[in-house]
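> The lines below spell out each chain.
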Amino acid sequence: MNLSIPELSLVVLIGVSGAGKSTFARRCFLPTEILSSDRCRGLVSDDENDQAATGDAFDVLHFIAAKRLAAGHLTVIDATNVQPEARKPLVALARQYHCLPVALVLDPPESLCHERNRARADRDFGPHVIRNQHNQLKRSLRHLEREGFRHVHIIGDPADIAAATVIRQPLWCNRKQERGPFDLIGDLHGCYDELRELLSRLGYERRPDDADGAEPTYRHPEGRKAVFLGDLVDRGPNISAVLRLVMAMVASGNALCVAGNHDVKLARALRGRQVKISHGLAESLQQLEREPDDFRRQAAEFLDKLVSHYVLDDGRLVAAHAGLREDLQGRGSGRVREFALYGDTTGETDEYGLPVRHDWAAEYRGRAWVVYGHTPTPVAEWLNRTICIDTGCVFGGALTALRYPEKTLVAVPARREYYPPVRPLRPPEQSPTLSAQQHADDLLDLSDVTGKRILHTTLQPAITLREENAAAALEAMSRFAVDPKWLIYLPPTMSPPETSGRDGWLEFPAEALDYYRRLGLTELVCEEKHMGSRAVIILCRDRDATRRRFGIQDESLGVVYTRTGRPFFNDATLERDFLARLHQAAEACDFWERLATDWCCLDTEIMPWSAKAQELVAHQYAAVGAVARATLGEIENALQRARARTDLDPAATATLARLTADYAQRLEATHRYIAAYRHYCWPVRGLDDLKLAPFHLLASGDRTHFDQDHRWHLAQLARLAAADPQWIVATPHRTVALDDPASVGAAIDWWLALTEGGGEGMVIKPLAYIARGRRGLAQPAVKCRGRDYLRIIYGPEYTRPEHLARLRKRGLGAKRGLALREFALGIEALERFSRREPLRRVHECVFGILALESEPVDPRL
Amino acid sequence: MLLSLTTTHRPATDLGFLLHKHPAKIQTFALSFGQAYVFYPEADLERCTAALALDIDPVGLVRDRQGPSGENRALEQYVNDRPYVASSFLSVAIAEVYGSALNGRCAARPELADARLPLDAELSALPCRGGETVLRRLFEPLGYSLEAERLPLDKQFPEWGNSRYYRVRLSATVRLQDLLAHLYVLTPVLDDDKHYWVGDAEIDKLLRHGDDWLAAHPERDLIARRYLKHQKSLARRALERLLAEDGDEATAAIGPDAGGEPALELPLRLNEQRLATVAGVLREHGARRVADLGCGEGKLLGMLLKYPEFERLLGVDVSLRALERARDRLNLERLPERQRARIELLHGSLIYRDERLTGCDAATAIEVVEHLDPPRLAAFERVLFETLQPPLVVLTTPNADYNVRFPHLPADRFRHPDHRFEWTRAEFAGWARNIADRFGYAAAFRSVGEVDPEHGPPTQMAVFTRPLPIELAAEPSEPAP
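As they're listed, the protein sequences go chains A and B. Quick note, the first sequence lines up with residues 3 to 863 if you use the numbering used here. Quick note, the second sequence lines up with residues 15 to 495 if you use the numbering used here.
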């Protein structure tokens, strides 16, 4: 005996104690699918038969059932369930999660149940209990369907119970195994001419062709399948022909079709039900009146059987007439059908008498792409992975198809207005110049960024953000960051090399080169490290690009922000002039044309250091220099005077000599320290005194440039520098072949020369932007800082042996782990931006970088 | 750090007896934070100078630090002024290296310890919060003549100006014991920082070393407050003990912290008026569930909690520290359960949509908008008026027209360094009317604080209401006079 149940259902076993429910359940379902009331009693009271624990036990059972159903798992309730009040909450639960409730009644002879209970030591209740239960069961049987059970199976024969098998039926809407490619087609409303034209533009061929008399269909030579999004009928000129064509395509396996609200209403009318003849139904009835009875019957049957929605392509694509929320996808219930047909209405009506719709798409967070129609819009636009492709053909708009997986649109304009639109096509509240996605992106949701989060990126599959770090980032992001619409990238932190064993040196290039050598990399690039302030620059070619690409409607041509997302310039005029000058350079070197873009994102350093860090330079670095020089000088002077005395103890003379030499050295170190910070300071009176050193061209147009090696990046940016050499610095660099000792030696010499001349040092990177080595993803860059520069980091006198010995002990693990996670998140952010994903998807990555930046890591690394 | 003590007392070399340090030697002392050397750059009968050179280990300061992290977390940085300047480290060194002299003991020349001698003290670098004025106000009443030379930050960059450090020379005829006690107490007072945690024991130290001079010092309040790291309760107790015999009213002297920035807005009065007005508006409109957006330390919430008609109070702030303080101020952990259930503090941001805030019938944003960057205002507006849509919104912000009435406020400055803008009355009214039009609200305006006939009130308020369905709408109430 086969028991057929829907694959996603809440199976309620019904039977008296001893009916064999648990045995049956164990045989037919997974252990994890079965929720037993006895087991739950045990969980809350340590005694599976403790009737006093029944209330708590069912609370637990219902809670677990709710979690399973919400996640889309079939669930079996193993309890007697002989009373209607026990079943009622279960039916409600199934409804709440849009699953079908199934009643499975096991009703063997009462005597057999008595016998089984007697054999069990833990069931010491009298025979009256079973008798009562059986009476309740008998009274229940007739009412199960009325209680809401969509499937009811009753088995009485113990042999049948022992032999029955459960067959799980896929839901009508489940077409996950169909992977396309598809062409999804919007509301037709009898627009037959436009449909034929659209099908032929999509590459479908008529079979057999017009000449033959047979019932025609359309098929695609590459096996594509059309998916009609419903509302085939009403309003339009040629409803019968549309029906005939769609029915033939569906019958021949060349198309799928979901139900639209007009289709359903027409079906009811054709079945002779009382319906209000409005919204173009009259046209359908008139036109069908001219058709033979046979066709009308076929059409009614076809429309009647249309399913609410389809889940396609392994769950990646959902087609529904009015769209579908994530929690309703792939489920079957009245509410699902209601939503798929009519959308999420608020119950109110607008000034045109049409239902006010709740904007479910603006809140959509699902992974599946949802393609729908129903609401005529002037242009089909993506919003959070959803798109409405009803462009109002019957109202004189166009008939639009979406090609999937290409996600390109193909549209055929309406030949004329067949039906006057009730409401103007454009929704009035929306700003006309921003896309729907951009309008929705004004609002970011707190739940998308706070709490413990795990982000998935291409480079690192799972990056965990701790709750307290996200909380810290929320404050930084809210109070100090630039508009999130600009904030599409933040640079990763950068690790220094392992400390050098060389006498008197803390960092030396050899260790950095060795790091990459150990990973098996062979080609590196060494770039001079500019000592200024890190800046990310977004530059747009014109204000139109600013609006189109970023959804920002002001006069700006871009933005300049720091590595923590704050505005780089406190002065808006300076920022505007800065961008204007960069823009001039871009125009002068045909930057836009060569990259075929109207915007770009640059990773840069802006010098001098003192321009941005003036406070810090003066009140920390210069102040320490001033007092160190004053105090050490005075001590040295006092020591000299003491040494000049003639009445000293001999031991004192020796100590004074040692101390004098020591303080002279310390004074010398202080002078080197002062020289080091001075090198990165010059007065800035205006734009001309700044220098810009770009070194990454991160993204432009619709793509990122992480697939290009650093030579390419530097070459692109060198052109920019050549256009304004007074102001833009082309980053000096050299490539290194790790297997060539001469090349390695030359790189080290270059670093020595740079740092002896006052330079900060260099950044060593794999030649490829993203490099994998023997141990996975390699550090995108390692910085090697000069000996004197490090005085700014570790103190003027860090080179004294007793200091150096302690400073050498530093752990890089945390810093490098952080650098990789931030690198992965930064790249992911820009990739998502380039794919034009919703802002929240970009924002969560950038927010993640800011959160990671609040991890406690030695700030000197 | 270098402290030189010079005397011209004859024989000047008696200084060696007073300090217990032989002028022919150089002595080294191991301290917990480094080393100290005492040696004599000059030592003859006319003139004798003892030099105390402190060699503080900068790496140890960062790596072995046990005390507080110092002002601006300076002690977490290797680039740090502490090794080179006079600070609480010097006080510790004086107590350890010149301990007997500080306590007035001199076994070899007891009469010298009690004698007032011509003494000079030179400090190579002394940080002075408040500059030379404070330096003079501290030392001159004690009888010192003073030379102070301010150190420039960097001669190569004269535009950076001067540092907060002075090279200082103090001269007086004074007991050595007193000179050392003055330096011991006043050095960290001038620096206004300490490298160790300050507790009750610090009161004893202050009173011991300030025994016979502090009570009469005109700056005793400043000294007590700074010496005890601005912990008001410690300073109060110290002054009470110090002045116990004089019968002086010590607590009044402490008052509101005069050491900070001059308070612009007469903060107590205006803020209290503001909160009372807000509470009044909420009650007039019969609000029951109120979200205070940007609740800060919870002052408004605390006031609303007193009225039982507010069933549910939500405080939202983006700053975790502010919420922490609000929790303390409102004494949340100790409220009775029913009271506790009425109030909730949430970490959130006004520019993100937040599900947790739905269902409130009033929202307040008191002195909050001006902390948002103008480009982020649009998000705030939509979050509040489009997604939350409370029937009542009460919003206050400074009136920029009124700023001319603050004599200390330069024309190009805002009232608070974190303000991103301040609106004139016209700008505010324009903004509020636009909000009302776009989101279907009615806007009414009120004044908070004393109204200037020309420049209006110091604080401006907008009350936004959404028309309710007719059966629910109450009679519009008259604004309170």
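Please note that a few of the clues may not be correct.
A few chain B residues that don't get close to chain A, going by computed Cβ distances all over 12 Å [unchecked claim]: (1) 75; (2) 87; (3) 88; (4) 191; (5) 219; (6) 458.
Computed beta-carbon distance windows for the label pairs [unchecked claim]: (7) 48/A with 454/B: 57 to 63 Å; (8) 68/A with 246/B: 17 to 23 Å; (9) 35/A with 348/B: 46 to 52 Å; (10) 691/A with 229/B: 52 to 58 Å; (11) 87/B with 691/A: 30 to 36 Å.
To be clear, the hints were calculated from the coordinates, so they are not data collected in a lab. Only a predicted model underlies this, so the values are computations on that prediction, with no experimental measurement involved. For glycine and all other residues, C-beta sits at the position ideal for the given N, C-alpha and C.
> For every hint, state whether the structure bears it out.
Structure-based check of all given hints:
1. Residue-level check failed: residue 75/B sits 9 Å from the nearest beta carbon of chain A, not beyond 12 Å.
2. Once the 12 Å rule is applied to beta carbons, residue 87/B is inconsistent with being away from chain A; the minimum gap is 10 Å.
3. Not every C-beta of chain A lies more than 12 Å from that of residue 88/B, the closest at about 8 Å, which undercuts listing it as non-interface.
4. Chain A leaves residue 191/B outside its interface by the beta-carbon criterion, the shortest separation being 24 Å against a cut-off of 12 Å.
5. Residue 219/B, annotated as away from the interface, keeps every beta carbon of chain A farther than 12 Å; the closest lies near 26 Å.
6. Annotated as non-interface, residue 458/B keeps its C-beta farther than 12 Å from every C-beta of chain A; the closest such distance is 25 Å.
7. Checked against the given bound of 57 to 63 Å, the beta carbons of residue 48/A and residue 454/B, roughly 58 Å apart, stay inside it.
8. A hinted range of 17 to 23 Å for the beta carbons of residue 68/A and residue 246/B is inconsistent with their spacing of about 54 Å.
9. Roughly 48 Å separates the CB atoms of residue 35/A and residue 348/B, a value that falls within the hinted 46 to 52 Å.
10. Evaluation of the 52 to 58 Å hint for residue 691/A and residue 229/B yields a pass: the beta carbon distance comes to about 56 Å.
11. Against the hinted window of 30 to 36 Å, the Cβ-Cβ separation of residue 87/B and residue 691/A comes to about 31 Å, which satisfies the hint.
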